[in-house]
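**Q** Sequence:
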Amino acid sequence: LITAPYNLQVNALRKRLGDRAMVGTVDKFQGQEAPVAIHSLTASDGDSAPRGLDFLLAPNRLNVAISRAQCLSIVVGSPTLATGISSSIANVEQLNRLCRLMQAPAP
Numbered sequence: 001l002i003t004a005p006y007n008l009q010v011n012a013l014r015k016r017l018g019d020r021a022m023v024g025t026v027d028k029f030q031g032q033e034a035p036v037a038i039h040s041l042t043a044s045d046g047d048s049a050p051r052g053l054d055f056l057l058a059p060n061r062l063n064v065a066i067s068r069a070q071c072l073s074i075v076v077g078s079p080t081l082a083t084g085i086s087s088s089i090a091n092v093e094q095l096n097r098l099c100r101l102m103q104a105p106a107p
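Counting from 1, position 98 in the sequence shown corresponds to residue 98 in the working numbering; the numbering is continuous, with no gaps.
Honestly, the hints are just simulated from the structure, not real lab data.
Heads up, the beta-carbon is just placed ideally off N, CA and C, and yes, glycines get one too.
Relax, there's no trap hidden among the hints.
Restraint-style ranges between C-beta atoms, simulated for each label pair: (1) Gly18 x Ile89: 37 to 47 Å; (2) Ala90 x Gly18: 33 to 43 Å; (3) Leu72 x Cys99: 12 to 22 Å; (4) Ile66 x Leu17: 13 to 23 Å; (5) Asn96 x Leu17: 24 to 34 Å; (6) Gln70 x Gly18: 17 to 27 Å; (7) Pro35 x Ala90: 31 to 41 Å.
All chains should be modelled from the sequences, with the hints used to inform the complete structure.
**A** Shown next, in the form of structure tokens:
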């Protein structure tokens, strides 16, 4: 199961993977599970995120993406996304959550 926040990324993944994987937006797979779930963050920095960090790193959206996995959840993204600078307290909190997620020890 592969999720992405944006339809453009979903379409690119589907084109590349074909029928070898279930690919869709986070919203599409809400309530579904798979042994392994991969979430593509898509953007390499906050400025390139089409709807901004508020959408990309929304806690409920990340929670849904990560919790689709029954055994293993993989988040794919650029490390530079976590080095973003923001004047918004909400975005700083979102970046802090992303950094904690990136530093979480593997089981």
